[in-house]
Amino acid sequence: MRAKHLFLVFPLFLAIFILFPVSPTYAAFGISPPFLNADHLVPGAKYEQTVYLVQDQPNQDLNIVANLTMNEPARSWVSIDKGFNFTIPQGTRQFPVTITISVPQGVTLGAYNGNLTFTTQPSSAGQVTIALGAQVAINLTIGTGTFEKYSVPLIQFPDIQEGQSPAVHVKFENDGNVPEGFDGATYELYDQYDSVRLAYVQKSTGFPTTAPFTIADYNISFPLDFYLGIGQYWGVVNFYKNGQVVASQKTVFNVLKATWYQKALNYIADEWVYILIGFILLMIVLALALWRNKRK
Amino acid sequence: MVVSISALVASVFVVQTIFAFTNLSSQVTVGTAAPSVTGVVINGGSPITLVGNATTTVNVTATITDANGCSEITPGTTTILLYRNGSGVSSSTCLTTPNQLNCYQAFAFTASSTCSGSSQTATTTFALQYFAQATDVSSSFSGQKWFATVLFRTPDNTTGTGDVLTGVTLNTTNAINVTTSSINYGTITANSDTGSTNQSTTVANVGNSSTSLQINALSTLVSSSSFAIATSSQGYYTAPFTYPGASTPLTGTAATVAAFTLTSPSSTTSPTGTIYWGLGVPNATPSGTYSGTNVYAALWHA
Numbered sequence: 002m003r004a005k006h007l008f009l010v011f012p013l014f015l016a017i018f019i020l021f022p023v024s025p026t027y028a029a030f031g032i033s034p035p036f037l038n039a040d041h042l043v044p045g046a047k048y049e050q051t052v053y054l055v056q057d058q059p060n061q062d063l064n065i066v067a068n069l070t071m072n073e074p075a076r077s078w079v080s081i082d083k084g085f086n087f088t089i090p091q092g093t094r095q096f097p098v099t100i101t102i103s104v105p106q107g108v109t110l111g112a113y114n115g116n117l118t119f120t121t122q123p124s125s126a127g128q129v130t131i132a133l134g135a136q137v138a139i140n141l142t143i144g145t146g147t148f149e150k151y152s153v154p155l156i157q158f159p160d161i162q163e164g165q166s167p168a169v170h171v172k173f174e175n176d177g178n179v180p181e182g183f184d185g186a187t188y189e190l191y192d193q194y195d196s197v198r199l200a201y202v203q204k205s206t207g208f209p210t211t212a213p214f215t216i217a218d219y220n221i222s223f224p225l226d227f228y229l230g231i232g233q234y235w236g237v238v239n240f241y242k243n244g245q246v247v248a249s250q251k252t253v254f255n256v257l258k259a260t261w262y263q264k265a266l267n268y269i270a271d272e273w274v275y276i277l278i279g280f281i282l283l284m285i286v287l288a289l290a291l292w293r294n295k296r297k
Numbered sequence: 033m034v035v036s037i038s039a040l041v042a043s044v045f046v047v048q049t050i051f052a053f054t055n056l057s058s059q060v061t062v063g064t065a066a067p068s069v070t071g072v073v074i075n076g077g078s079p080i081t082l083v084g085n086a087t088t089t090v091n092v093t094a095t096i097t098d099a100n101g102c103s104e105i106t107p108g109t110t111t112i113l114l115y116r117n118g119s120g121v122s123s124s125t126c127l128t129t130p131n132q133l134n135c136y137q138a139f140a141f142t143a144s145s146t147c148s149g150s151s152q153t154a155t156t157t158f159a160l161q162y163f164a165q166a167t168d169v170s171s172s173f174s175g176q177k178w179f180a181t182v183l184f185r186t187p188d189n190t191t192g193t194g195d196v197l198t199g200v201t202l203n204t205t206n207a208i209n210v211t212t213s214s215i216n217y218g219t220i221t222a223n224s225d226t227g228s229t230n231q232s233t234t235v236a237n238v239g240n241s242s243t244s245l246q247i248n249a250l251s252t253l254v255s256s257s258s259f260a261i262a263t264s265s266q267g268y269y270t271a272p273f274t275y276p277g278a279s280t281p282l283t284g285t286a287a288t289v290a291a292f293t294l295t296s297p298s299s300t301t302s303p304t305g306t307i308y309w310g311l312g313v314p315n316a317t318p319s320g321t322y323s324g325t326n327v328y329a330a331l332w333h334a
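Protein chains in written order, with this note's numbering: chain B, 2 to 297; chain P, 33 to 334.
The hints are simulated quantities; they were obtained by calculation from the structure and are not laboratory data.
Be a bit skeptical, because a hint or two may be false.
[Said to hold, decoys possible] Straight-line alpha carbon distances no greater than 30 Å define the calculated DSSO-like cross-link-like pairs of lysine-lysine that follow:
#	chain 1	residue 1	chain 2	residue 2
1	B	Lys150	B	Lys47
2	P	Lys177	B	Lys150
3	P	Lys177	B	Lys242
4	B	Lys150	B	Lys242
5	B	Lys204	B	Lys251
6	B	Lys295	P	Lys177
7	B	Lys251	B	Lys47
8	B	Lys172	B	Lys83
9	B	Lys150	B	Lys258
10	P	Lys177	B	Lys172
11	B	Lys251	B	Lys150
12	B	Lys47	P	Lys177
13	B	Lys295	B	Lys251
14	B	Lys295	B	Lys258
15	B	Lys242	B	Lys47
So here's chain B without its partners, still in its complex pose (with noise of 0.2 Å):
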């Protein structure tokens, strides 16, 4: 009796541990920008950051949850565009995450950190399987002091079609606490070999604000008094704010020729008073004529 009691017990002593050799090979996983220093912030504030978790052997989909370590009432304030839980898809090797910070107003100043961990799930089993992770360290600071910082990364000359207006394609990087933009600007235009001056025009409205923490994308255009034609051109464009130029720019375009279609919509765009005036009188002349057959 007793020899049998230990031959069912002893199993349970003599536990086998098994796991399987699997393959040697593993992919990269990490993430750039690996920290959010959002240190200008005011009560109200929305704040956008947009980190891409990498990896170098996209074979599969991988699925990823997010772990965010932070103590309230920050961490309310902190959202992902993708979810706690998603899945980054097969063959892409950056994959994009915005993290928002929006700051309530009559919050408490001062600093709050913490991290936001994305850790891979991968599919194994019969094994101790090694998930691999990355970590965004989150700093914020909660003042009230207006912070102004811009840049103005990229601006270039678009191929317009024959008649349009020379435009500029501007974008504005605005990483201060406060909304940002141009309030001048002047925009030389030259013939293809950059010795005839054909026209300068000087802009002191119409330019985009872009939101604090933001970055924005837009075209300016710089209405000209007459009608420019196929053939290539230089520009010159610089920007002001407070009087000083903050931006410039100098490069060729091509006025490329335009379809019958463009050609109208230009029609349109310049004489659009008249057409309008036009329009205006034709029906008041067919509203009378209705009026007198109704009267007949």
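Put chain P on the given structure of chain B with help from the hints.
Coordinates of chain P only, in the frame set by chain B:
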């Protein structure tokens, strides 16, 4: 009257004589104009994000103009420099001493438009290594930017140079590569441990910053019959040990591995470190296959 007619005849004669005996010709020499390089743009004006343990393609575009026309542009030669601007690195140093940390050179400029009039837009693609130096806040080169300079030379040996407007930021990437995908303890009887037999995992820094390491159990070791071995039964250390010895018991929450920092790589031979593992199987543990998941998380290190 006779005088007037005579004068008229004489004038006509003089004019005819001039035109009959004077061979007027014109000549002009068109000089060689220097080309200009404008509109230099890196990565569309956006910050550069690298991929760990791999190269990342970054485009540089520019417009080349020459008043002598396309015949001077198409056969011209170009040198394109992409470099971190500052702390001893500039276009002139980059021209002479390229390297994969902060200065890349290219000589192929692919036309992205047909040459029309007197200008052409061209693009070159760089393959930036994962250890190219970061310039964002908190990086070693905070406040600096990556610049591009395009040097164009026509067949007539006239040259033009263009620089990017403001440069772009290269972001810090914090990434690791663990060269094994699992830990295999083999067969261990209950009420025993791995002793001096450690399982090792190699961790490589494949980003462009120094990194530390955090470890935790995502799921503890569980058998198919749902019997769990305590998370703390696994222990790790940065050197070989006899279980439990100097090992740190594994926890469910992330813990930073003591004295484990991998410096930023400066070549494709990445700095590595080893984590050694051991396991103790408690008494009365049923036999079976147990599986779990341990997390290795890169922790950015300034």
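Each hint tested on the structure:
Proposed proximity of lysine 150 of chain B and lysine 47 of chain B is supported: the alpha carbons are some 16 Å apart, at most 30 Å. Taken as a hint, the lysine 177 of chain P and lysine 150 of chain B pair is honoured in the structure, with Cα atoms around 16 Å apart against an allowance of 30 Å. With a CA separation close to 23 Å, the supplied pair lysine 177 of chain P and lysine 242 of chain B stays within the 30 Å bound. The suggested pairing of lysine 150 of chain B with lysine 242 of chain B holds, with an alpha-carbon distance near 12 Å, which does not exceed 30 Å.
For the hint pairing lysine 204 of chain B with lysine 251 of chain B, the CA-to-CA distance comes to about 17 Å; that is within 30 Å, so the pair holds. In summary, the hint linking lysine 295 of chain B to lysine 177 of chain P is not supported, as the alpha carbons are separated by about 76 Å, beyond the 30 Å threshold. With a C-alpha separation of about 35 Å, the suggested pairing of lysine 251 of chain B with lysine 47 of chain B is violated against the 30 Å cut-off. About 25 Å separates the Cα atoms of lysine 172 of chain B and lysine 83 of chain B, which keeps this hinted pair within 30 Å; it holds.
Only pairs whose Cα atoms come within 30 Å are accepted, and lysine 150 of chain B paired with lysine 258 of chain B is rejected, the gap being roughly 41 Å. For the hint linking lysine 177 of chain P to lysine 172 of chain B, the alpha-carbon distance of about 16 Å falls within 30 Å, and the restraint holds. Between lysine 251 of chain B and lysine 150 of chain B the alpha-carbon distance is near 24 Å, which keeps this suggested pair within the 30 Å criterion. Note on lysine 47 of chain B and lysine 177 of chain P: the hinted pairing holds, with a Cα-Cα distance of about 26 Å set against a maximum of 30 Å.
About 65 Å separates the Cα atoms of lysine 295 of chain B and lysine 251 of chain B, which puts this hinted pair outside 30 Å; it is violated. The straight-line distance between the Cα atoms of lysine 295 of chain B and lysine 258 of chain B is roughly 50 Å, outside the 30 Å bound, and the hint therefore fails. Annotation: proposed proximity of lysine 242 of chain B to lysine 47 of chain B holds, straight-line Cα distance about 24 Å (limit 30 Å).
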